[in-house]
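Engineer: Construct the entire structure; sequences and hints are all you get.
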Amino acid sequence: MQPGMLMLRAHAGGRFVAALAADGHMRVWRTGPGLTTLGVPLRTTWGDDYIVRDIEWRGGLLLYYRLAGVRDYDEFIDWGSFAGNSGTNPYGDYRKYEQAHAQTWAYDPETGEDRVVVSEGSGDLHTGDEHEPFVICNPTYRDEHVSGYTTRTHVAVYSALGSPCTARFDAPLGVALDEGRFNGPVTPSRVVAHASRPWFAAVGKVDGDRSQYGQRPRRELALAVIHTDGNTRFLTDATLSLYWANLPGFPALVNTHDGDWGVACMLRQHGNTPVRLAVYSPDGPKLAEHAFGLRWGCLTEATGRKTNWRPITVTPHGESLLLQDTGARDAVLPGEKAWVWMWDLQEQVAVPLADIGGITQCFGWLNDEYLMAEVQAKPSDQVPEYGVLHVPWKTLTDQRARPQ
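All residue numbers for the sequence shown refer to our numbering, where the first residue is 11 and numbers rise by one.
It is possible that some hints are incorrect.
Simulated pairs of lysine to any residue, SDA-like, Cα-Cα distance not exceeding 25 angstroms [claimed, not checked]: (1) K106 <-> E120; (2) K347 <-> L16; (3) K347 <-> G307; (4) K388 <-> A341; (5) K347 <-> D335; (6) K316 <-> A255; (7) K388 <-> K404; (8) K388 <-> A29; (9) K404 <-> A255.
Label-pair restraints from in silico Cβ distances [as the list claims (entries may be wrong)]: (10) G218 <-> C308: 22 to 30 angstroms; (11) E357 <-> H141: 32 to 40 angstroms; (12) R207 <-> T47: 38 to 46 angstroms; (13) G337 <-> E299: 23 to 31 angstroms; (14) R339 <-> G314: 41 to 49 angstroms; (15) D124 <-> K316: 52 to 60 angstroms; (16) T283 <-> D58: 47 to 55 angstroms; (17) E140 <-> R339: 40 to 48 angstroms.
If you're looking for bench data, these hints aren't it; they were derived computationally from the structure.
As the structure is a computational prediction, the values presented were derived from the model and not from experiment.
The C-beta atom is built at its ideal place from N, Cα and C for all residues, glycine as well.
Structural biologist: Below you can see the structure in the form of structure tokens.
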């Protein structure tokens, strides 16, 4: 499981939080006062005769991928066979078992109602508001050919809960999306309406420069969107717009000034091209781009700190960037602390927020200003910590401050 122990998802209204552990067990809480505490779990699947592989909120309902007849994910996956060791998996071929036993369920934490919404099949879940379609991505398969192979993800689209599948197609992303979000590239899970063509973000692979030691091009990660009508569009390439992978909260969905949605990502330095934050329309063109120089010169001037910066995520309106001061390293070491700053992209103002452990994963926002995050606050042999970081971008973007 990468990078930590839990996956968190918050109800859009901030009233509930759901957590999925790497062993496949789910818990749901009602949030306490100030959105910073959790009460007694309303629901836990510990001890039930199934595991959960994915969770997503759809309005007031929690959709979850449920696999019957399994009590622990590590027992279900025969890790020994992956390592080349002999062993017997009581479930047989785990992919065939999933196909036969996977279902998609919906849980209402207000009433306690729990019901099946897709009786045959589940996978990585992508959904939005109640009136938007929801999508199941599963499984992945490979097209073998002379020069290698192409990895495709099967996409199933449902217009409403309990309705038949309305569309099926294969998205040529080049990477697997059916291994669970603990293992695959982390992407926003929301399905967004756009000019009657709903879409969701994904991370795929495209051909880059030729390898130094062979004729095949190097495969590079790239940002893509998948429309529910079957169109897959890559937004970055492997030459001028190099996608910066493995950042805690990217790619990220942003709500632009005109009320439409875009998707934001960081672009790596390449030659004399500086580090950039780019916001794309789902139809391809850039809505905005912000350059930070080859050595983050603007942040050095604003904060007085000549250091390395690790981008964390962007605020929901897309106009402030969160970064963590990593000193001379590329990331904060487990057990150490570092300041998180908010950089106002319009006013060019840097605001310090908190001196905390290294942020290793972001899980979205509660009420726009509370970022749910995983923090490696203890040495690497300890379990990460999970909490919320208050990011008051609505009120602090005009202030200049510096930690004492």
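Engineer: Confirm or reject each hint.
Structural biologist: Cross-check of the supplied hints:
| no. | hint | result |
| --- | --- | --- |
| 1 | K106 <-> E120 | 35 angstroms, violated |
| 2 | K347 <-> L16 | 21 angstroms, holds |
| 3 | K347 <-> G307 | 23 angstroms, holds |
| 4 | K388 <-> A341 | 14 angstroms, holds |
| 5 | K347 <-> D335 | 9 angstroms, holds |
| 6 | K316 <-> A255 | 24 angstroms, holds |
| 7 | K388 <-> K404 | 31 angstroms, violated |
| 8 | K388 <-> A29 | 21 angstroms, holds |
| 9 | K404 <-> A255 | 28 angstroms, violated |
| 10 | G218 <-> C308: 22 to 30 angstroms | 28 angstroms, holds |
| 11 | E357 <-> H141: 32 to 40 angstroms | 36 angstroms, holds |
| 12 | R207 <-> T47: 38 to 46 angstroms | 40 angstroms, holds |
| 13 | G337 <-> E299: 23 to 31 angstroms | 28 angstroms, holds |
| 14 | R339 <-> G314: 41 to 49 angstroms | 19 angstroms, violated |
| 15 | D124 <-> K316: 52 to 60 angstroms | 54 angstroms, holds |
| 16 | T283 <-> D58: 47 to 55 angstroms | 51 angstroms, holds |
| 17 | E140 <-> R339: 40 to 48 angstroms | 44 angstroms, holds |
When each numbered hint is compared with the structure, violations occur for hints 1, 7, 9, 14.
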